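Colleague: Here the protein sequences line up with chains D and P, keeping their order. By this note's numbering, the letter at position 126 of the first sequence is numbered 126, and the numbering carries on one by one without gaps. By this note's numbering, the letter at position 93 of the second sequence is numbered 386, and the numbering carries on one by one without gaps.
Just so you know, the hints here were simulated from the structure itself, not pulled from any lab data. The structure presented is a predicted model; accordingly, all values stated were derived computationally and were not measured. There may be inaccurate statements among the hints.
With the Cβ distance kept under 7 Å, some of the chain P side facing chain D (calculated, not the full set) [said to hold, decoys possible]:
| hint | residue |
| --- | --- |
| 1 | Val309 |
| 2 | Gln397 |
| 3 | Gln419 |
| 4 | Gly421 |
| 5 | Ala426 |
Cβ coordinates follow ideal geometry from the N, Cα and C atoms, glycine included.
Below are the chains, spelled out letter by letter.
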Amino acid sequence: MTLFWLLIAAATGMTVAQDAFPGNVLFHKGWYNVLDAALLAAAAYQPRRNVIALCGAAIVVLAGIASGLMGPDTHTVVGSPGATVSDSQIGSAIVFPLAQPDADPQSVAVSLQNGSSLIPIGAHRRYFGGLILWQSPHVAVWVTAADAAGNRLTITQPTNGTFLSPVLSMQQSTTIGGMNVLYDTFAVPAVRRTVKAVLFNAGQASHLGNQAPAAGTPAVLFAVADRADRPVPGGIGIVPSGAVKKIDGLRLGARAGEYPAANVASAPYLPVLVVGALVLLGGVVRTAFRSKT
Amino acid sequence: MKWLFAAAGALIVAVVLKQYFPSTNPATVQVAAAGKLAPSFSVPSINGSNETLATYRGKIIVMNLWATWCPPCRSEMPDLEKLYETYRSRGLVVIGINQGESRQRAASFAQSLGIKYPIWLDTDQQYGRTYIAIGLPTTVIIDRSGKAVPPGFDGPLTYSQMKNAIAPLIRAKH
Numbered sequence: 001m002t003l004f005w006l007l008i009a010a011a012t013g014m015t016v017a018q019d020a021f022p023g024n025v026l027f028h029k030g031w032y033n034v035l036d037a038a039l040l041a042a043a044a045y046q047p048r049r050n051v052i053a054l055c056g057a058a059i060v061v062l063a064g065i066a067s068g069l070m071g072p073d074t075h076t077v078v079g080s081p082g083a084t085v086s087d088s089q090i091g092s093a094i095v096f097p098l099a100q101p102d103a104d105p106q107s108v109a110v111s112l113q114n115g116s117s118l119i120p121i122g123a124h125r126r127y128f129g130g131l132i133l134w135q136s137p138h139v140a141v142w143v144t145a146a147d148a149a150g151n152r153l154t155i156t157q158p159t160n161g162t163f164l165s166p167v168l169s170m171q172q173s174t175t176i177g178g179m180n181v182l183y184d185t186f187a188v189p190a191v192r193r194t195v196k197a198v199l200f201n202a203g204q205a206s207h208l209g210n211q212a213p214a215a216g217t218p219a220v221l222f223a224v225a226d227r228a229d230r231p232v233p234g235g236i237g238i239v240p241s242g243a244v245k246k247i248d249g250l251r252l253g254a255r256a257g258e259y260p261a262a263n264v265a266s267a268p269y270l271p272v273l274v275v276g277a278l279v280l281l282g283g284v285v286r287t288a289f290r291s292k293t
Numbered sequence: 294m295k296w297l298f299a300a301a302g303a304l305i306v307a308v309v310l311k312q313y314f315p316s317t318n319p320a321t322v323q324v325a326a327a328g329k330l331a332p333s334f335s336v337p338s339i340n341g342s343n344e345t346l347a348t349y350r351g352k353i354i355v356m357n358l359w360a361t362w363c364p365p366c367r368s369e370m371p372d373l374e375k376l377y378e379t380y381r382s383r384g385l386v387v388i389g390i391n392q393g394e395s396r397q398r399a400a401s402f403a404q405s406l407g408i409k410y411p412i413w414l415d416t417d418q419q420y421g422r423t424y425i426a427i428g429l430p431t432t433v434i435i436d437r438s439g440k441a442v443p444p445g446f447d448g449p450l451t452y453s454q455m456k457n458a459i460a461p462l463i464r465a466k467h
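Starting from the given sequences, assemble the full structure and let the hints guide the process.
Modeller: Spelled out as structure tokens, the structure:
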């Protein structure tokens with residue numbers, strides 16, 4: 001194998017890697033794409049080069065560099081069940097179907113809104129133009145609030161894109177007692193209260209001393225504050241997942257579960273990649289044929 | 294021959310680049326369900342019956358999401374009632390969908406305002422989430438074919454705004 005073919009293999013391999021391992025931040029680094037182009041340029045300057053294979057490799061590398069430098073950064077779109085979340089980086093919206101806390105996140109299909117049609121994403125990779133999308137489970141907490149008499153109250157999330165949702169996406173984290181925990185905030189406007197909900201997973205909840213729930217059960221710590229964000233007396237309580245507890249005159253319930261989030265990564269545009277690969281293959285066949293004759 | 298290669302190369306570059314310049318305006322996606330069949334869920338009414346939007350197909354629906362703690366909701370409900378009384382004979386129905394509150398709370402509130410139009414209880418706030426309500430009240434108008442008519446309205450409407458919003462649908466032939 002000549003140096004030309006080694007350089008072609010390395011350059012195209014760097015692009016194929018973007019499809020094989022989507023989402024790696026490496027692919028968006030400037031040096032990665034410069035190196036890819038440099039390998040191709042080095043191949044072009046080899047005295048024993050195959051022009052057809054070089055053209056094929058150039059098409060493949062072009063698709064890779066365009067994806068690496070111009071494609072959206074890898075990110076996760078998190079939404080509440082029932083919400084439609086627009087994403088400026090992909091120029092479209094992700095539709096999250098309604099689901100109950102006990103639903104298997106693998107069976108809930110998040111969809112990409114493409115004009116008037118919905119394209120289900122699913123757990124396996126789905127190509128959409130220059131994007132690869134796939135869904136993965138994300139922690140979510142379904143909360144309920146009622147007054148002392150048991151009358152249900154509206155839950156809002158003023159800082160969340162889904163204002164009227166009782167499902168918390170738990171996208172923030174903090175450290176409590178050496179444990180890294182997820183938290184979110186919601187409001188109960190009828191009683192002018194804001195509530196911070198901190199999730200302790202089953203392992204973390206076992207370290208909550210006499211407040212610890214039954215083994216294997218997550219727990220949610222509720223911290224109730226007034227409209228000015230001042231903690232109210234007696235406004236802190238820990239609720240095992242699936243239970244309801246009276247805190248500051250409110251009956252707060254929580255159920256921890258999982259709900260899919262959509263992962264978005266850019267990828268070399270597959271049809272162009274195929275065209276480039278076919279041209280490259282043509283060059284390989286031509287070389288093989290010539291060497292035989 | 295060189296021109297052919299140059300044209301093929303330019304075409305490939307254009308095809309590749311197009312993939313990374315989104316053409317959809319995300320702002321237009323925010324209008325929940327606009328122009329599409331309005332999502333419908335089965336929820337209880339304050340009278341105890343189970344209701345869905347789908348059963349009102351053929352009518353013009355003014356769907357109003359509200360809650361008792363929301364002062365602007367309270368201020369527009371008498372106008373919604375007037376709209377309902379005026380246009381119900383012409384196939385219009387106003388449906389107030391309470392967000393997340395109990396039957397007792399919603400029913401006594403509606404009674405205190407003399408509301409006669411149907412009040413439903415969206416305890417799980419499914420309608421609020423699905424119609425991308427970014428505040429309360431939110432009003433969505435659904436035509437006789439069951440499609441949500443853009444735009445949805447965030448915030449209270451005056452009676453004349455309500456009338457203007459439904460006028461084309463009232464005028465349209467069945």
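Colleague: Confirm or reject each hint.
Modeller: Comparing the hints with the structure gives:
no. : hint   : verdict
1   : Val309 : holds, 5 Å
2   : Gln397 : holds, 6 Å
3   : Gln419 : holds, 6 Å
4   : Gly421 : holds, 3 Å
5   : Ala426 : holds, 5 Å
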